[in-house]
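There are 2 protein chains.
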Amino acid sequence: MKIAILIYNGITMLDAIGPYEVLTQLPNAEVFFVAKNKEEIKSDTGFVHLNAKYDFDDVVEADILLIPGSSIAFVKVMKDKKTLDWIRKVNKTTQFTTSVCSGSLILAATGLLKGLKATSHWKPIDLLKNFGAIPVRERFVHEGKIITAAGVSAGIDMALYLVNEIAGEQRAKAIQLLIEYDPNPIHDSGNYTTCKPDIIEKAERQLSRNAKKDLSLFEAALNLKKIK
Amino acid sequence: MKIAILIYNGITMLDAIGPYEVLTQLPNAEVFFVAKNKEEIKSDTGFVHLNAKYDFDDVVEADILLIPGSSIAFVKVMKDKKTLDWIRKVNKTTQFTTSVCSGSLILAATGLLKGLKATSHWKPIDLLKNFGAIPVRERFVHEGKIITAAGVSAGIDMALYLVNEIAGEQRAKAIQLLIEYDPNPIHDSGNYTTCKPDIIEKAERQLSRNAKKDLSLFEAALNLKKIK
Numbered sequence: 001m002k003i004a005i006l007i008y009n010g011i012t013m014l015d016a017i018g019p020y021e022v023l024t025q026l027p028n029a030e031v032f033f034v035a036k037n038k039e040e041i042k043s044d045t046g047f048v049h050l051n052a053k054y055d056f057d058d059v060v061e062a063d064i065l066l067i068p069g070s071s072i073a074f075v076k077v078m079k080d081k082k083t084l085d086w087i088r089k090v091n092k093t094t095q096f097t098t099s100v101c102s103g104s105l106i107l108a109a110t111g112l113l114k115g116l117k118a119t120s121h122w123k124p125i126d127l128l129k130n131f132g133a134i135p136v137r138e139r140f141v142h143e144g145k146i147i148t149a150a151g152v153s154a155g156i157d158m159a160l161y162l163v164n165e166i167a168g169e170q171r172a173k174a175i176q177l178l179i180e181y182d183p184n185p186i187h188d189s190g191n192y193t194t195c196k197p198d199i200i201e202k203a204e205r206q207l208s209r210n211a212k213k214d215l216s217l218f219e220a221a222l223n224l225k226k227i228k
Numbered sequence: 001m002k003i004a005i006l007i008y009n010g011i012t013m014l015d016a017i018g019p020y021e022v023l024t025q026l027p028n029a030e031v032f033f034v035a036k037n038k039e040e041i042k043s044d045t046g047f048v049h050l051n052a053k054y055d056f057d058d059v060v061e062a063d064i065l066l067i068p069g070s071s072i073a074f075v076k077v078m079k080d081k082k083t084l085d086w087i088r089k090v091n092k093t094t095q096f097t098t099s100v101c102s103g104s105l106i107l108a109a110t111g112l113l114k115g116l117k118a119t120s121h122w123k124p125i126d127l128l129k130n131f132g133a134i135p136v137r138e139r140f141v142h143e144g145k146i147i148t149a150a151g152v153s154a155g156i157d158m159a160l161y162l163v164n165e166i167a168g169e170q171r172a173k174a175i176q177l178l179i180e181y182d183p184n185p186i187h188d189s190g191n192y193t194t195c196k197p198d199i200i201e202k203a204e205r206q207l208s209r210n211a212k213k214d215l216s217l218f219e220a221a222l223n224l225k226k227i228k
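So the sequences go chain by chain: A and B. Residues 1 to 228 (the working numbering) are what the first sequence spells out, left to right. Residues 1 to 228 (the working numbering) are what the second sequence spells out, left to right.
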């Protein structure tokens with residue numbers, strides 16, 4: 001089972017590593033972290049440095065394709081013809097094409113979500129409409145062979161669902177135990193639709209602070225007001 | 001706030017990246033992935049390649065120290081004097097010293113868990129006794145300034161608790177929303193104490209398969225029966 005995960009500068013690490021940790025336990029899994037060029041890839045925080053060992057010429061097919069999201073960089077990737085063409089090409093060969101968080105926007109930019117229900121991080125989700133997709137605020141959405149997941153940590157739930165689809169319930173349960181995924185957060189504020197407004201406001205402020213590094217891109221994409 | 005995360009060959013990526021994604025949202029967070037040597041670090045699956053930009057001489061103090069676990073490599077790290085000495089040295093400067101999964105065994109090997117309750121992944125947890133710690137099967141355990149977490153994904157819950165301790169409830173809730181941590185696994189098999197025996201057996205078989213790469217180490221450490 002060949003699993004290709006797109007990586008790019010500005011990626012949110014957990015978007016990729018959550019699903020990877022689950023999918024790598026599929027029978028005969030081979031995971032390829034693939035970048036436009038074989039080079040060092042820096043995460044959105046600047047604190048993580050990944051070596052991309054495979055580029056778009058090395059990996060042209062996959063059983064599973066995963067497009068992770070990012071704080072801001074997705075806006076740039078959405079306009080990168082070479083990346084979008086690679087996604088379209090690999091998608092032709094997949095059993096499942098998947099995305100996490102704002103990775104769904106990148107997937108939408110390829111045209112592959114046209115007419116489909118899809119989800120993304122709670123902040124940029126409405127932008128899916130610009131590409132003909134129908135945004136739904138769910139943990140993950142399965143349409144045909146495409147599965148989109150909500151923000152960051154949602155990729156773990158999506159990947160366990162995917163294992164269940166591919167390898168059955170017993171395997172999915174065993175992998176859940178392997179990664180001891182018995183979540184027990186001390187608070188209950190992870191769902192945008194039920195979260196209190198003051199927490200949403202605080203999270204939005206943090207997003208803006210994170211975005212300050214490249215504000216022009218962020219504003220262009222999300223049409224935010226200028227941060228004071 | 002200076003956060004040091006130990007990385008080493010054979011590391012389980014989600015052990016490190018789960019907490020990292022949470023802790024990096026602390027005010028003025030600076031995260032340092034620190035290895036024994038400045039070199040490329042390969043994950044336990046062999047599929048992820050991290051560049052270590054900092055070594056033990058570069059980072060000698062931290063507000064938070066995190067020791068992630070691994071499938072098998074922890075056994076080797078537990079015997080590595082240079083790594084244990086570095087952990088002891090940094091621990092003298094921390095507000096919190098933390099571990100995830102079998103990272104708790106590495107922490108135990110430094111002597112820092114002596115007489116303390118602690119947790120780890122459900123498989124190697126009883127080995128904590130060999131180092132004078134008291135194993136408890138909980139999501140995470142806070143004793144003094146030390147917090148140990150259960151397997152792999154438990155680091156996310158532990159990190160949100162830690163943010164709550166350091167920066168308060170509002171910040172913890174906002175970060176939970178930022179990473180959209182509203183976990184909703186399709187099955188309920190992530191807890192060892194309530195998991196059905198056939199799933200535990202399947203997970204144990206998978207652990208053995210994962211360990212085949214370096215069986216001698218694994219057997220020596222966990223005293224497993226020979227795999228046929």
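Hint data in this document are derived by calculation from the structure and do not stem from the laboratory. Hints should not be assumed to be uniformly reliable.
To be verified - These stretches of chain B come out as covered by chain A in the derived footprint (C-beta under 8 Å, 3 or more residues): (1) 11 to 19; (2) 23 to 31; (3) 35 to 48; (4) 60 to 68; (5) 86 to 97; (6) 141 to 152.
Every value quoted in this text rests on a predicted model; they were computed, and no experiment measured them. All residues carry an ideal CB built from backbone N, CA and C; glycine is no exception.
These are the hints, each one checked on the structure:
1. 11 to 19: holds (count 5)
2. 23 to 31: holds (count 4)
3. 35 to 48: Satisfied; 4 residues make the cut.
4. 60 to 68: Check failed, 0 qualifying residues.
5. 86 to 97: With 0 residues in contact (Cβ-Cβ under 8 Å with chain A), the coverage given for the region 86 to 97 of chain B is violated.
6. 141 to 152: With 3 residues in contact (Cβ-Cβ under 8 Å with chain A), the coverage given for the region 141 to 152 of chain B holds.
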